[in-house]
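Asks: Okay, here's what each chain looks like letter by letter:
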Amino acid sequence: MPIKEFIDILSLWTLPAIILIILTVALIKKVPIYEAFIEGAKDGVKVSFNIIPYLVAIIVAISMLRASGAIDSLAIVCSGILNKIHMPIEILPLAIVRSLSGSAALGVFSDIIANNDINSYTSKLAAIMLGSSETTFYVLTVYFGAIGVKKYRYALLTGLSADLVGIIMAIIVARFFFG
Amino acid sequence: MNYIWYFLIVISIIFGAVNGKLNDVANAIFSGTELAVKIILTLLGIMTFWLGIMKIAEKSGIVEFLSKILNPIAQKLFPEIPKDSPIIGDVAMNFSANALGLANAATPIGIKAIEGMQELNKDKESASNSMCTLLAMNTAGFQLIPATVIAILAANGCNNPTEIIIPTLIVTSTAFISAIIIAKLFKRVFPPQKDCEVINAD
Chain A
1 MPIKEFIDIL SLWTLPAIIL IILTVALIKK VPIYEAFIEG AKDGVKVSFN IIPYLVAIIV
61 AISMLRASGA IDSLAIVCSG ILNKIHMPIE ILPLAIVRSL SGSAALGVFS DIIANNDINS
121 YTSKLAAIML GSSETTFYVL TVYFGAIGVK KYRYALLTGL SADLVGIIMA IIVARFFFG
Chain B
180 MNYIWYFLIV ISIIFGAVNG KLNDVANAIF SGTELAVKII LTLLGIMTFW LGIMKIAEKS
240 GIVEFLSKIL NPIAQKLFPE IPKDSPIIGD VAMNFSANAL GLANAATPIG IKAIEGMQEL
300 NKDKESASNS MCTLLAMNTA GFQLIPATVI AILAANGCNN PTEIIIPTLI VTSTAFISAI
360 IIAKLFKRVF PPQKDCEVIN AD
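Sequence order for the protein chains is A and B.
Numbered according to my numbering, the first sequence spans residues 1 to 179.
Numbered according to my numbering, the second sequence spans residues 180 to 381.
Looking at chain A on its own, in the form it has when it is part of the complex (with noise of 0.2 Å):
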């Protein structure tokens, strides 16, 4: 399989080049690099305290949300329109939880890769809504935590809606391919 190879190589490889590209240029500019390092690196430190009390908050809400199984019983109320819409019961946890959890959204795809052929439509489909996903609510967190961002105005509202987009795409892309 040529195009799994090439993967591989892209990456295993993506990672070193980028920090060797960037290490030799700097040394060729003369820039002291371990210096600058250390500089950029203790922004790093100040930055990561600064978001503690916001993941704290959006990570407790989600895990009880979670706890809570209000998730399945939301599945278990909209089975009639997923029906119609061809989308499978168990791939509408995925569609919620990918928003709000990287862990628990590669949990609940474990879970449904095992209780269906691997190469079924629905496997793929949550393939594909588990490859196309970022965590909206932890990148808002974390970005805005940041920097003390208390306000989002309309970025979560953005990101919901673009997620939206992205399940509705994922359910017509894969059925043209593999339905």
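Fair warning: there could be bad hints in the mix.
Under the rule of at most 16 Å between Cα atoms (straight-line distance), these lysine to aspartate or glutamate pairs were calculated in the EDC-like manner [as the list claims (entries may be wrong)]:
| no. | chain 1 | residue 1 | chain 2 | residue 2 |
| --- | --- | --- | --- | --- |
| 1 | A | K151 | B | E342 |
| 2 | A | K29 | B | E243 |
| 3 | B | K363 | B | E259 |
| 4 | A | K150 | B | E294 |
| 5 | B | K247 | B | D263 |
| 6 | A | K42 | B | E294 |
| 7 | B | K238 | A | E35 |
| 8 | A | K4 | B | E304 |
| 9 | A | K150 | B | E304 |
| 10 | A | K151 | B | D263 |
| 11 | B | K200 | A | D72 |
| 12 | B | K366 | B | E259 |
| 13 | B | K262 | B | E243 |
| 14 | A | K150 | B | D302 |
| 15 | A | K46 | B | E294 |
| 16 | B | K238 | A | E90 |
| 17 | B | K301 | B | E259 |
These are computed hints drawn from the structure, not numbers from a lab.
Given chain A, put chain B in place with the hints provided.
Replies: Relative to chain A, chain B alone:
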């Protein structure tokens, strides 16, 4: 954010009670704090390392170089950021890291970009338009190759895991472009930030 946080917690408690899982919900408070600390610890290391590397990239002129190349696009996406500002270079590197699937590098670099935007921000408590656009770009999760998902599919005996690459790319590109368009639409609908506070303080 106040309402969303309240909503998440109230829904959890009500559904926890209805589903007889109130005990789990209470335990989730503690497991949640634990998870948050774990994430912070990982983030602490990653942030420290990548902000160090980014400082080197900045001092060697790489960030500035990227800013200059991408200036025409940047002016459209981020009209509030001055021409040739290093923030554009940070945004470009954040986008590239995301596209290459280097989430660990993308977050610290993105935070560096938003810190730059905060310096230009008039109301430090609320998000500027540039910040909303940056976050739209980040929450859409644009990625060229979903390496993690392919690895999981392959590990679970999928015949041809790489066949999800093209469909995923279509979805993620559409979501990415929609995110930017939606952000630009909301920018017109939502009330602008109040920028007169400094004047009032005088």
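Asks: Each of the hints needs a verdict: does it hold here or not?
Replies: To see whether the hints hold, each was checked on the structure:
no.	hint	result
1	A:K151 <-> B:E342	41 Å, violated
2	A:K29 <-> B:E243	14 Å, holds
3	B:K363 <-> B:E259	13 Å, holds
4	A:K150 <-> B:E294	14 Å, holds
5	B:K247 <-> B:D263	6 Å, holds
6	A:K42 <-> B:E294	15 Å, holds
7	B:K238 <-> A:E35	11 Å, holds
8	A:K4 <-> B:E304	46 Å, violated
9	A:K150 <-> B:E304	5 Å, holds
10	A:K151 <-> B:D263	28 Å, violated
11	B:K200 <-> A:D72	12 Å, holds
12	B:K366 <-> B:E259	13 Å, holds
13	B:K262 <-> B:E243	11 Å, holds
14	A:K150 <-> B:D302	11 Å, holds
15	A:K46 <-> B:E294	12 Å, holds
16	B:K238 <-> A:E90	50 Å, violated
17	B:K301 <-> B:E259	11 Å, holds
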